[in-house]
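Knowing the structure of chain S, use the given hints to seat chain E with the ligand on it.
Chain order of the listed sequences is S and E.
Every number in our numbering is 197 more than the matching position in the first sequence, counting from 1.
Every number in our numbering is 1 more than the matching position in the second sequence, counting from 1.
Please keep in mind that the hints were generated in silico from the structure rather than gathered at the bench.
Backbone N, C-alpha and C define an ideal beta-carbon position, used for all residues, glycine too.
Each hint should be verified, as a subset may be incorrect.
[Unchecked claim] On the chain E side, residues computed to face chain S include the following (Cβ under 8 Å):
| hint | residue |
| --- | --- |
| 1 | Ile24 |
| 2 | Thr25 |
| 3 | Ile138 |
| 4 | Arg180 |
| 5 | Glu212 |
| 6 | Ala219 |
| 7 | Ala287 |
| 8 | Asn298 |
[What the hints assert, rightly or not] Here are the simulated DSS-like cross-link-like pairs (lysine-lysine), alpha carbons at most 30 Å apart as the crow flies:
| hint | chain 1 | residue 1 | chain 2 | residue 2 |
| --- | --- | --- | --- | --- |
| 9 | S | Lys230 | S | Lys409 |
| 10 | E | Lys131 | S | Lys230 |
| 11 | S | Lys409 | E | Lys131 |
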Amino acid sequence: MIQTETVPPLSARRAAAPPALRRPGLLGRLLGKPTALISGIFLLAVAVACVAAPWVAPYSSDATDFSATSAGPSAAHLLGTDNLGRDVLSRLLFGGVHTLSSSALAVVVALVLGLPVGMAAGYLGGAWDRVIGWISDGIMALPATIFLLAVLAVFPHNLYAAMLAFGILVAPGLAKVVRSVVLGVRQEQYIDVAKVSGIGDLGIMRRHIVSKLGGAVVVQLTLVMGVSILVESGLDFLGLGPQPPTPTWGTMVSDASQAIHTQPWLLIPTGGTIAVVVLALWFFGDSLRDAVMERWMAPTHRRRATARLSRTTPQLTAPGRRRLHAGDARGTVRRDAEAVFDVQEVTVAFERDGVIQPVVEEVSFSVRPGETVALLGESGCGKSVTARAAFGLLPAGLDVQHGRLRYDGTDYDLQSDTSRLPRGSGISVIFQEPVAALDPTLTVGRILVDSVRRHRGAGRAEAREIALGLLDDVGIHDPDQVLGRYAHELSGGMAQRVCIARALAGQPKVLIADEPTTALDVTVQAGVLELIRERQAETGLAVMLVTHDWGVVADIATQCVVMYAGQVVESATVEELFTSPRHPYTRGLLAANPAGGHPGERLTALPGRVPAPSEWPPGCRFQARCPFATEECAAAAIPLEADNGGRRVRCIRWKETVDVAS
Amino acid sequence: MTGKIILKRVAFGIPLLFVVSIITFVLVALSPGDAARVLAGPDATQADYESLRQQLGLNDPLPVQYWHWLVGAMHGNLGHSIVNGSDVAQSLNERLGVTLSLVILATIISGVIGILVGSVSAHRGGMLGKIVDVGAIAGFALPHFWIGLILVTLLAVQLRLFPALGYVNLSSSPELWLRSVSLPVLTLVIGGVAGIAKQTRDAMLNGLGAEYTVAHRADGVPERSVVYRHVLRNSASPILAVVGLHFVGTLSGTVLVEQIFGLPGLGSLAVSATNQHDIPVIQGIALYFGILVVLVNLVLDLVYRRLNPKVDVS
Ligand code: SF4
Numbered sequence: 198m199i200q201t202e203t204v205p206p207l208s209a210r211r212a213a214a215p216p217a218l219r220r221p222g223l224l225g226r227l228l229g230k231p232t233a234l235i236s237g238i239f240l241l242a243v244a245v246a247c248v249a250a251p252w253v254a255p256y257s258s259d260a261t262d263f264s265a266t267s268a269g270p271s272a273a274h275l276l277g278t279d280n281l282g283r284d285v286l287s288r289l290l291f292g293g294v295h296t297l298s299s300s301a302l303a304v305v306v307a308l309v310l311g312l313p314v315g316m317a318a319g320y321l322g323g324a325w326d327r328v329i330g331w332i333s334d335g336i337m338a339l340p341a342t343i344f345l346l347a348v349l350a351v352f353p354h355n356l357y358a359a360m361l362a363f364g365i366l367v368a369p370g371l372a373k374v375v376r377s378v379v380l381g382v383r384q385e386q387y388i389d390v391a392k393v394s395g396i397g398d399l400g401i402m403r404r405h406i407v408s409k410l411g412g413a414v415v416v417q418l419t420l421v422m423g424v425s426i427l428v429e430s431g432l433d434f435l436g437l438g439p440q441p442p443t444p445t446w447g448t449m450v451s452d453a454s455q456a457i458h459t460q461p462w463l464l465i466p467t468g469g470t471i472a473v474v475v476l477a478l479w480f481f482g483d484s485l486r487d488a489v490m491e492r493w494m495a496p497t498h499r500r501r502a503t504a505r506l507s508r509t510t511p512q513l514t515a516p517g518r519r520r521l522h523a524g525d526a527r528g529t530v531r532r533d534a535e536a537v538f539d540v541q542e543v544t545v546a547f548e549r550d551g552v553i554q555p556v557v558e559e560v561s562f563s564v565r566p567g568e569t570v571a572l573l574g575e576s577g578c579g580k581s582v583t584a585r586a587a588f589g590l591l592p593a594g595l596d597v598q599h600g601r602l603r604y605d606g607t608d609y610d611l612q613s614d615t616s617r618l619p620r621g622s623g624i625s626v627i628f629q630e631p632v633a634a635l636d637p638t639l640t641v642g643r644i645l646v647d648s649v650r651r652h653r654g655a656g657r658a659e660a661r662e663i664a665l666g667l668l669d670d671v672g673i674h675d676p677d678q679v680l681g682r683y684a685h686e687l688s689g690g691m692a693q694r695v696c697i698a699r700a701l702a703g704q705p706k707v708l709i710a711d712e713p714t715t716a717l718d719v720t721v722q723a724g725v726l727e728l729i730r731e732r733q734a735e736t737g738l739a740v741m742l743v744t745h746d747w748g749v750v751a752d753i754a755t756q757c758v759v760m761y762a763g764q765v766v767e768s769a770t771v772e773e774l775f776t777s778p779r780h781p782y783t784r785g786l787l788a789a790n791p792a793g794g795h796p797g798e799r800l801t802a803l804p805g806r807v808p809a810p811s812e813w814p815p816g817c818r819f820q821a822r823c824p825f826a827t828e829e830c831a832a833a834a835i836p837l838e839a840d841n842g843g844r845r846v847r848c849i850r851w852k853e854t855v856d857v858a859s
Numbered sequence: 002m003t004g005k006i007i008l009k010r011v012a013f014g015i016p017l018l019f020v021v022s023i024i025t026f027v028l029v030a031l032s033p034g035d036a037a038r039v040l041a042g043p044d045a046t047q048a049d050y051e052s053l054r055q056q057l058g059l060n061d062p063l064p065v066q067y068w069h070w071l072v073g074a075m076h077g078n079l080g081h082s083i084v085n086g087s088d089v090a091q092s093l094n095e096r097l098g099v100t101l102s103l104v105i106l107a108t109i110i111s112g113v114i115g116i117l118v119g120s121v122s123a124h125r126g127g128m129l130g131k132i133v134d135v136g137a138i139a140g141f142a143l144p145h146f147w148i149g150l151i152l153v154t155l156l157a158v159q160l161r162l163f164p165a166l167g168y169v170n171l172s173s174s175p176e177l178w179l180r181s182v183s184l185p186v187l188t189l190v191i192g193g194v195a196g197i198a199k200q201t202r203d204a205m206l207n208g209l210g211a212e213y214t215v216a217h218r219a220d221g222v223p224e225r226s227v228v229y230r231h232v233l234r235n236s237a238s239p240i241l242a243v244v245g246l247h248f249v250g251t252l253s254g255t256v257l258v259e260q261i262f263g264l265p266g267l268g269s270l271a272v273s274a275t276n277q278h279d280i281p282v283i284q285g286i287a288l289y290f291g292i293l294v295v296l297v298n299l300v301l302d303l304v305y306r307r308l309n310p311k312v313d314v315s
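Extracted from the complex, chain E is given alone in its bound form:
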């Protein structure tokens, strides 16, 4: 059964990855300049430029170029940076750990807290419900990079609790690693946790009004079990869906957060690549992000299947 879900996800994910790579390719085709001009430099002769175009395969029709890229990508070869000629896959792999640390920690923390707070507020309502509402609005409306900057100002510059900049590898010092990712993760969590809580509560309130809930109560099931066992389990699908969406948002968020906190991850690389028109690097990052999204959805599906072992999952 598990195999089937993986297949289903992959069947959804592969076209998605194609779409990602095709979109970036079409963008390149629309681009006014080209990589050869950049690589050749300003004082290159026309002949140098032409031979570089030939060498980079830029004279091939677009589908052929795409095919070459695709074949390369299948073999883990994502081409070379047009800025410094480094191997794209290699430089992405070096930076992957930073980004993964951020998004995994942030997703787990906001998922756990959000689901907890959301279900308790569905059960008790009142004050907690209001806090969740306000928090969700704030999480939507406040620019996340601004939240990050304020955290830096308060916790790093004023109180000196955390470093404002930089990253330490987990393998070199777990404690310093934790301190270096604390503020970025906190920024990402603040931006999303209330949204998860709100969606959880809404899903739970839906479930609390459902006929099966009335039937549980009518059969004398204690309220605590009705809420935290039955309704929570039944709300798994929308809750996990929102955690998945939150993950996507967090991935986008790393672009800003890594820049603010000076972390050497994929996001900050994407920003510098954009500034330098380094298309192969951007394409590679888009592909990595796409793969991460597909993987996370797969994990969420498996979790869902464990919680809700019905035969057909729609």
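Chain S with its partners taken away, still in its complex shape:
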């Protein structure tokens, strides 16, 4: 049976695989892969040799050499001979035609039936979609072999009929793959991205569907071909195919099995041939899939953007890691004795092709008890990554290069020490998607009670009482009922309250809130913020808030750290930031989103977009969008400078630009 390979969703890989600079086409990629090249050439050679067997085979398929029966490999018979003295290599070549052609028949049938049906299901959706899903599930649930036997019982020894039937049986599986590709492309994120970047046209979608579909279908067909060869030779092996003396790969294994007592060697070339051919198909399909995936990772508009910003990118090479912009922020960090949470010079990077590409660089900030520090910036500026690095749970592929955290008087190295962090008991986290953050297989009660027991060492009954109290504290009116519910039975706002209750279960001193209201209904956002403020007033909690929402900043933050392209560009108190922003980026944001905006207003109205890490220019990273940019700005990295009051700004011309603006 075929197990359809599912392709991991794009989003799962995005973080780990930002775009590189060069983007060769599919064929170029494929040729660049040794496995693809070797397996492709091998398969081609096998196919050609089998078709050309009458000319290239050393002997005819039934020529017997009685001087050398049941012989091992020799110069005259490269793969030995069988018990009648027939040359194994020659018989394999002649037999291959039958095996390969009947398997190819199954592939063709699967393609002819599966492709149009899958496309129809993908485009038409609805009832079509359900019927096709049902049929393919149903067929997947059946042992195909018994149907093939039934076909062979009716059409004796006609393997073409059997393989035609097999093609019909696997067609729904192919249709399912086609359908999901078509559906996927229609909904995929990068099309949205393309639209937002102003390059979104139907052409892009058409191109993506064709290239993605082509790739996925060919990958699937190589698998179908492999399975067909296995099935076909299995049936041959059972003696249900062409009758002796016609050679096929399956009957040759069967002949070999008659001789395992006398000449076990025969098993190797016969079964081995099938195995190697199917392996080659698998490897070819696999590298093809990789090539296709890599191409999907590289939406067309990226290439254009890169071409526009053709500057050398600051990158570190893996072995000789060199500090980027050393001394950049050094000495200018607010060393704050009162801070309970002090993040110092965090650099986060991913590694690709031996090159270490930073995504967050030398970010420092601190939070005092009772204070709320907002980490602010457009999407892609590195604020969420900074937050994740600060509690030591970066997504796979991202690593802290260096950075320290001082929590409540204890120092932690964020590169190596994160398992010691008092997660849940000292530092707690709430997330952007509260429903997704709750384990779908556990009730709210299980989650809260476990958390309370872990952090407070309470017994089960006591923990339950505490959990009820926590739910009450976060403003849930029927805590008893809610304890018995699962995540999917909660509204977003309710789930976020549950998450806050969980975060507070360990009586933490620091709460990291990663876009806590972004995914919520506008109507419940204010309530959640109010709740955080309330808990903070009661316990002196220090809050680190990641947001791209001015309304949230105005509502709850006391300090602000503005990030752009992986760096801190400005930090100040909220009043200072709203009344006298210094960095042109901050001012741009504020101009686009009037101060004190309502919750829900996002930082998106600024023209242009945040450059991806691979596009970071050597000088000021904001220069492409900055109205004040000069040559000096492009010359060298811009330092982050602090004034006496502890305000920081990363702009060499901020004084002049403030004058111009006022």
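For chain E with the ligand alone, coordinates are given in the frame of chain S:
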């Protein structure tokens, strides 16, 4: 609640069984020869042949024939073999035990080992992950009948650890039974275990990247519990699905394996019936296989429900 799942499965399974039987019937209709010709033998007169056709109901329209078969099947009567006239249901029941021994043992063993290895490799990765990858490729690409033959050559012919052929009833000697099914089961396990491990690992890796996993870790849940309690439980659905698929593959595999090891099960009967164009027997076996698949899916559903007691299972 359990009743509801059983109902749901049966609602899915019954149409499936209909499809199985209809497909085989349509195939018979396409068939050039017919059973009466075979049964009557080469020297039968035209009159003998005609009366045999009448007697077998072959002159009825196809839907009527199907209806007769269906009514019979409901009463456990699957007709008679056209080769030796024996009762199909009876000969299938005699052989069912052999096939069940193989598929149940093979599914349980590869399920347990596959899930274990898969989850450990998701947790630790590294070497074990590579072995699982290579094993899964080998399990996909190597012909299972060939693996069986190599096992016979090595373990039965060369080392004489197991019998190469034959079957001993569980009731007559448990030890000999175990020895007789060892190699066939091993063949089936080798073919599928790495595939289960790989799918388990993929599902677990998915779960390990999920938001709820980050939330568990952020709340200080020890890594061991995150992996083996929470993520494993959450991955139950894809894992059980692949075990179900593996069962179907194993069922197909018995056809070859029983033939190689000379076991008197449904699979080897299917092969001989095919060679003798014994359609009623093939139909009966297809029906039995269909019923087994439905039953196994039902069991897996119940297991899933125990692990993951959410209200709505999609
Ligand atoms: S350094 Fe230059 S380009 Fe950068 S923000 Fe300041 S003025 Fe603009």
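Going down the list of hints, with the structure as the test:
1. Annotation: interface hint on Ile24(E) holds; nearest CB of chain S at approximately 6 Å, less than 8 Å.
2. With 8 Å as the threshold, the beta carbon of Thr25(E) comes within range of chain S, its nearest partner Cβ sitting at about 5 Å, so the hint holds.
3. Nearest Cβ of chain S to the Cβ of Ile138(E): about 6 Å, under the 8 Å cut. The hint holds.
4. Annotation: Arg180(E) was flagged as interfacial toward chain S, and the flag is violated, the nearest CB pair being 19 Å apart, outside 8 Å.
5. Interface hint status for Glu212(E): upheld, as the beta-carbon distance to the closest one in chain S is roughly 4 Å, under 8 Å.
6. Taking 8 Å as the C-beta cut-off, the interface hint given for Ala219(E) holds, the closest approach to chain S being about 4 Å.
7. With its C-beta approaching chain S no nearer than about 5 Å, Ala287(E) sits inside the 8 Å limit, and its interface hint holds.
8. Hint status for Asn298(E): holds, given a least beta-carbon distance of 7 Å to chain S, under 8 Å.
9. This hinted pair checks out: Lys230(S) and Lys409(S) have alpha carbons roughly 19 Å apart, not beyond 30 Å.
10. At roughly 19 Å between alpha-carbon atoms, Lys131(E) and Lys230(S) fall within 30 Å of each other, so this suggested pair holds.
11. At most 30 Å may separate the alpha-carbon atoms for a hinted pair to count; Lys409(S) and Lys131(E) meet this at roughly 28 Å.
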